[in-house]
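Enquirer: Please model the entire structure based on the sequences and the hints provided.
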Amino acid sequence: MTDRLRIADKEFSSRLMVGTGKYRTVEEMVQAVEASGTQIVTVALRRLDLDHPEKRTILDELDWTRYTILPNTAGCKTADEAVTVARLARAMGLSNWIKLEVIPNPTYLLPDPIGTLEAAQRLIAEGFVVLPYIHADPVLAKRLEEIGCATVMPLGSPIGSGQGIHTREELEIIIAEARVPVVVDAGLGAPSDAALAMELGADAVLVNTAIAQAQNPALMAEAFRQGVEAGRKAFLAGRIPRKAYGQPSSPTEGVVGGRRG
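The numbers in our numbering rise by one with no breaks, and the one at position 102 of the sequence shown is 102.
The hints are simulated quantities; they were obtained by calculation from the structure and are not laboratory data. Treat the hints loosely; a few may be bogus.
[Said to hold, decoys possible] Straight-line distance between alpha carbons at most 27 Å, and here's what the computed DSSO-like set of lysine-lysine pairs gives:
#1 Lys142 with Lys10
#2 Lys22 with Lys77
#3 Lys142 with Lys77
#4 Lys233 with Lys243
#5 Lys10 with Lys233
Expert: Below is the structure:
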């Protein structure tokens, strides 16, 4: 397929983004990232040990020539914290791309819409390419698009829950209205969830926990890769409409025995 994902000034052949947290070992993380076929890998800057630069981190394990490293502001509870982390990522030479997360409550892990919008406005003004994680709120998604965000990233269900897509109706509205890529982020538990998101018309999905905590992360990453590809192809092919009643798949006219009365 020549169908490519375009975000800001970059193009990608893979529509699966993956995270780097929650893996049992670095080796499992590296194997899963490779098996996923991804080209965009997110890294939580606040979870790196920056006080000891001599120690190896996740950043040392990734091949920067193969992947676009997407720093994220995971762990930030306020807009101020998120802006500070984004600035640090750029100062470190990581990227001016930032996955924006502002999550005030560590129990529910739901994004703060007001803090996210505020941080996005400030970061865009400073020249960042902002990819904001949000609840599946069509109004907020459109507002973030209007101020210049490169994508919108609505959740399917809470982070790490593996519940799948509970926000289908809202996602359908966001996808229909968006003029920037829509990336379904959070809550996906199985490749079928990713396939459904893509069938709805999402441009990409981001998966972390469902791969990292699988019994075999590399195999699960491969399965998600295939689910994303299948879902995208189904969307492009155009599914049949749902009907209230069954319809025969074979012709009923001109068959042996004629039509039954």
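Enquirer: Would you mind marking each hint as holding or not holding in the structure?
Expert: Hint check results:
Distance check on the hinted pair: Lys142 and Lys10 sit about 22 Å apart at the alpha-carbon level, within 27 Å; holds. Only pairs whose Cα atoms come within 27 Å are accepted, and Lys22 paired with Lys77 is accepted, the gap being roughly 20 Å. Between Lys142 and Lys77 the CA atoms are separated by roughly 23 Å; this keeps the pair inside 27 Å, and the hint holds. Restraint check for Lys233 and Lys243: satisfied, since their Cα atoms lie roughly 22 Å apart, inside the 27 Å limit.
Under the criterion of a C-alpha separation no larger than 27 Å, the hint pairing Lys10 with Lys233 is consistent with the structure, at around 22 Å.
Hint compliance for this structure: no hint is broken.
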